Amino acid sequence: MGPLKQQISVAPGSADQTAIVSIVNSSNTKRKYALKVLGAKQSADGAIIYGSGMNIAESWVVAKDKYVELAPGQAKEVVFEINVPNDAKAGSYYLGLTAEQTSLKSEKSIGVGGQIISVLVLQVAGMVQESLIITETTVPRSIVGNKWPFTFSILNNGAASVPVDVNISARNWLGHIVVDQKVISEAMLLPGAARKYGGEIKVKNFNLPGPYEFQYKIKYGLTGQTAVATKTVWYFPPCSIFLILIIIIAIVGVAKNQKKKM
Amino acid sequence: MVAFIAIGLILIGMPHPVASEMSSANYQIYADSVQNGGGYQAAGSFILQDTSGELSSGYSSSSIYEIRAGYQYMERGYLSFDISDESLDLGTLSTSSVNIASTTITIGTDSSTGYSLSVTGVSGSSITDVADGAVTAGQEEYGYAALGSDSLIIGDTAVATGTIIASYDGETNASNIELGFKASKSASTAVGDYAQSISFAAAANI
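Read top to bottom, the protein sequences are chains A and B.
Residues in the first sequence are numbered consecutively from 0, following numbering that gives the first Met the number 0.
Residues in the second sequence are numbered consecutively from 0, following numbering that gives the first Met the number 0.
These are computed hints drawn from the structure, not numbers from a lab.
This structure is a prediction, so every number in the text was calculated from the model and none was measured.
One thing to keep in mind: the hints can contain errors.
Among chain B residues calculated to face chain A with C-beta under 10 Å, some are [claimed, not checked]:
#	residue
1	Ile104
2	Leu146
3	Asp149
For each label pair, taking beta carbons as the anchor points, the in silico distance ranges come out as [said to hold, decoys possible]:
#	chain 1	residue 1	chain 2	residue 2	range
4	A	Ser25	B	Tyr193	29 to 35 Å
5	B	Ser148	A	Gly52	30 to 36 Å
6	A	Thr17	B	Ser148	35 to 41 Å
7	A	Glu76	B	Thr103	25 to 31 Å
8	B	Thr103	A	Tyr66	45 to 51 Å
9	A	Asn85	B	Thr103	45 to 51 Å
On the chain A side, residues computed to face chain B include the following (Cβ under 7 Å) [said to hold, decoys possible]:
#	residue
10	Gly1
11	Pro2
12	Ile7
13	Val9
14	Lys31
15	Ala46
16	Gly50
17	Gly52
18	Ser108
19	Ile109
20	Gly110
21	Val111
22	Gly112
23	Gln114
24	Ile115
25	Ile116
Glycine included, C-beta positions come from ideal geometry on N, C-alpha and C.
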């Protein structure tokens, strides 16, 4: 099947556009394929999931013929008609144009069928606002060591897909930046998608103990907007734990000596 | 006069930015090019399709665009999908063993972003889905394992719509994913016939 992906720009109310997909039957038997349109959405880990009832635009695109029958080795172009309603909101709509082999109902216990998908991105013309929010950030309250774990969740609540770059930085109580690291580069977030990321950043071994401002800076969209969230984390270098233990032992020792004297 | 001839030769030799997709009811040319050299040549089992003189040709991309500039970089892309066995029989279940039936899905694509394979539909009836990562003899469990270098499935998992089974981030001639469906029954499993239809879908990664 081809093309793999196609992008078509349409105006609300438009009914004269079509998407064309080529299908080849590479098997050595005659095959009948059902032509369908699926919606697409992005999962929390970034994978694109296809299915019915996921996207309002599924009903805007219809296969001209419900089925296509191909002889072994035969290729054919099939047409999907695009009818965008007048009240369609401007933005990006992701769809899957599918050819599914029919007659797959199992006579035995499991019938396995295959669908092959050509991705269609419908760009409905109009004013589109890029918008992304940080829905959750987590860091431990206190950290010992030079690997600092983090997680954050973001939501594209705009109507357009947006590329996303994420930088994480940490600043000590003197205002010095001890780490500034790009953790996500050019990830694509589809409209309505919520994604969760996690990992750890590595800081140099010797830093001042105390509170650090942990900052998530997310640059997104073609307009280059920025979303920022901060958290406070208490950092204790491994040597400071050792020092604290020595102090505790010393205090206990002094207290015992004073008891003996009394 | 000599100057006119020289200018004429330069203009003939200059690459012209004239190229586009053309089609009618009976033909389609999805890529053509007007330049100062190259062409189609064939000899024996060799085919040469060369070009010369195109301006700024090449491939460049980011997450928001992909440019295939020039004739040699034009492509429509393809995705192929094959299932070795579309009808599997798990047979009659027993309490002493796990019944297994396998099929292999083969995917090929020239997409630079690779492909993903997912479950897009499940219908019919089955016994209890596996939940502990392994279908075990003597317990009522049903699920599948996916083997292959592109597989994202660990252990035995339940058949569920929306599951991404395999993914690869690049061009592949033939990625094989072996799906092993497994079922076992306990002494209390209700007697009956169970049948399920499962749709798997392959798409190029966005």
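Taking the hints in turn, this is what the structure says about them:
1. The restraint placing Ile104 (chain B) at the interface with chain A holds, with a minimum CB-CB distance near 7 Å, inside the 10 Å limit.
2. Hint status for Leu146 (chain B): violated, given a least beta-carbon distance of 15 Å to chain A, over 10 Å.
3. With a least beta-carbon distance of about 13 Å to chain A, the hint placing Asp149 (chain B) at the interface is violated under the 10 Å criterion.
4. At roughly 32 Å, the beta carbons of Ser25 (chain A) and Tyr193 (chain B) sit within the given window of 29 to 35 Å.
5. Hint check: Ser148 (chain B) to Gly52 (chain A), Cβ distance near 33 Å, so the stated range 30 to 36 Å holds.
6. Distance hint check: the CB atoms of Thr17 (chain A) and Ser148 (chain B) are about 38 Å apart, consistent with the given range 35 to 41 Å.
7. Checked against the hint of 25 to 31 Å, the C-beta distance between Glu76 (chain A) and Thr103 (chain B) comes to roughly 29 Å, which is consistent with it.
8. Take Thr103 (chain B) and Tyr66 (chain A): their Cβ atoms lie about 26 Å apart, and the range 45 to 51 Å is violated.
9. For Asn85 (chain A) paired with Thr103 (chain B), a C-beta distance near 48 Å keeps the hint of 45 to 51 Å intact.
10. Because the closest C-beta pair between Gly1 (chain A) and chain B is about 5 Å apart, less than 7 Å, the hint holds.
11. Below 7 Å, beta-carbon pairs count as interface contacts, and Pro2 (chain A) has one with chain B at about 5 Å; its hint therefore holds.
12. Checking Ile7 (chain A) against chain B by beta carbon gives a least distance of about 14 Å; that is not within 7 Å, so the hint is violated.
13. Annotation: interface hint on Val9 (chain A) violated; nearest CB of chain B at approximately 19 Å, more than 7 Å.
14. This hint is violated: Lys31 (chain A) has a C-beta 13 Å from the nearest C-beta of chain B, more than the 7 Å allowed.
15. Annotation: interface hint on Ala46 (chain A) holds; nearest CB of chain B at approximately 5 Å, less than 7 Å.
16. Among the interface hints, the one on Gly50 (chain A) holds; its C-beta lies about 6 Å from the nearest C-beta in chain B, closer than the 7 Å criterion.
17. Because the smallest distance between the Cβ of Gly52 (chain A) and any Cβ of chain B comes to about 11 Å, over 7 Å, the interface hint for this residue is violated.
18. Because the smallest distance between the Cβ of Ser108 (chain A) and any Cβ of chain B comes to about 4 Å, under 7 Å, the interface hint for this residue holds.
19. Hint status for Ile109 (chain A) relative to chain B: holds, with the closest Cβ pair at about 4 Å, below 7 Å.
20. Checking Gly110 (chain A) against chain B by beta carbon gives a least distance of about 4 Å; that is within 7 Å, so the hint holds.
21. The criterion of a C-beta within 7 Å of any C-beta in chain B is met by Val111 (chain A), whose closest approach is roughly 5 Å, and the hint holds.
22. Contact between Gly112 (chain A) and chain B, as hinted, is supported at the beta carbon level, the nearest pair being about 5 Å apart and thus within 7 Å.
23. A hinted interface residue such as Gln114 (chain A) counts as satisfied when its beta carbon comes closer than 7 Å to some beta carbon of chain B; here the least separation is about 4 Å, so the hint holds.
24. Below 7 Å, beta-carbon pairs count as interface contacts, and Ile115 (chain A) has one with chain B at about 5 Å; its hint therefore holds.
25. Look at Ile116 (chain A): its Cβ gets to within about 4 Å of chain B, closer than 7 Å, so that hint holds up.
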